[in-house]
Amino acid sequence: QQPVQSPQAVILREGEDAVINCSSSKALYSVHWYRQKHGEAPVFLMILLKGGEQKGHEKISASFNEKKQQSSLYLTASQLSYSGTYFCGTERDYGQNFVFGPGTRLSVLP
Amino acid sequence: EAGVAQSPRYKIIEKRQSVAFWCNPISGHATLYWYQQILGQGPKLLIQFQNNGVVDDSQLPKDRFSAERLKGVDSTLKIQPAKLEDSAVYLCASSPREGWDEQYFGPGTRLTVT
Numbered sequence: 611q612q613p614v615q616s617p618q619a620v621i622l623r624e625g626e627d628a629v630i631n632c633s634s635s636k637a638l639y640s641v642h643w644y645r646q647k648h649g650e651a652p653v654f655l656m657i658l659l660k661g662g663e664q665k666g667h668e669k670i671s672a673s674f675n676e677k678k679q680q681s682s683l684y685l686t687a688s689q690l691s692y693s694g695t696y697f698c699g700t701e702r703d704y705g706q707n708f709v710f711g712p713g714t715r716l717s718v719l720p
Numbered sequence: 013e014a015g016v017a018q019s020p021r022y023k024i025i026e027k028r029q030s031v032a033f034w035c036n037p038i039s040g041h042a043t044l045y046w047y048q049q050i051l052g053q054g055p056k057l058l059i060q061f062q063n064n065g066v067v068d069d070s071q072l073p074k075d076r077f078s079a080e081r082l083k084g085v086d087s088t089l090k091i092q093p094a095k096l097e098d099s100a101v102y103l104c105a106s107s108p109r110e111g112w113d114e115q116y117f118g119p120g121t122r123l124t125v126t
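Those protein sequences? They're chains G and S, same order as listed. Residue 654 in the numbering used here sits at position 44 of the first sequence, and the numbers go up by one each step. Residue 14 in the numbering used here sits at position 2 of the second sequence, and the numbers go up by one each step.
Hints listed in this document are in silico derivations from the structure and should not be mistaken for laboratory results. As the structure is a computational prediction, the values presented were derived from the model and not from experiment. Honestly, I wouldn't trust all of these hints.
To be verified - Here are the simulated lysine-lysine pairs, DSS-like style, with alpha carbons at most 27 Å apart:
#1 S:K90 <-> G:K665
#2 G:K636 <-> S:K56
#3 S:K56 <-> G:K647
#4 S:K74 <-> S:K90
#5 S:K90 <-> G:K678
#6 G:K665 <-> G:K677
#7 S:K23 <-> G:K647
#8 G:K660 <-> S:K56
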């Protein structure tokens, strides 16, 4: 079952902050975040596991609320390079049922 | 370290023709994935290999799609016969460990079916 992402799109000015959410109606084992620039392949940002373990880039901040089955990606002091589509992927059980969400398109303007 | 390689980068075929895509994952990576990404949507997993074996192919349209991973390294994805709705970017990714881990994506193959 595909996770829900919100908002669908957001436009920011350089230096502004944004939060992208990913939620599921089913219990999750992990949430993964990727960024894809237009015409390019997705690039890994972060994995958040049930129980609190995280793995990812130092400059990326995210949270995983296990009670709500919701993850949030925090983009602070946005830069032009943050523009792209952000996808969350959810894993329901270890090694199984992985599915990407529909994406959130982020545009950062000068 | 070389990244995930895919070829061809672009392919245009007519419906009912066949096509094959090739992927060479990062050396030593145990897990290989094929995704289909239709314009404006998230990648959809088609098949996941762990070494030589198939872990998940539940979303692979097996009447027309097939995939294999040769000796646990390279992989090919084939479509025969192609339909108009197969027009998409086909992404290959690999990850170093078992289970769902950080995935490294290749540049993709853009398929247009006319």
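Violations among the numbered hints, reported as their numbers in ascending order: Violated hints (numbers, rising): 1, 5; every other hint is consistent with the structure.
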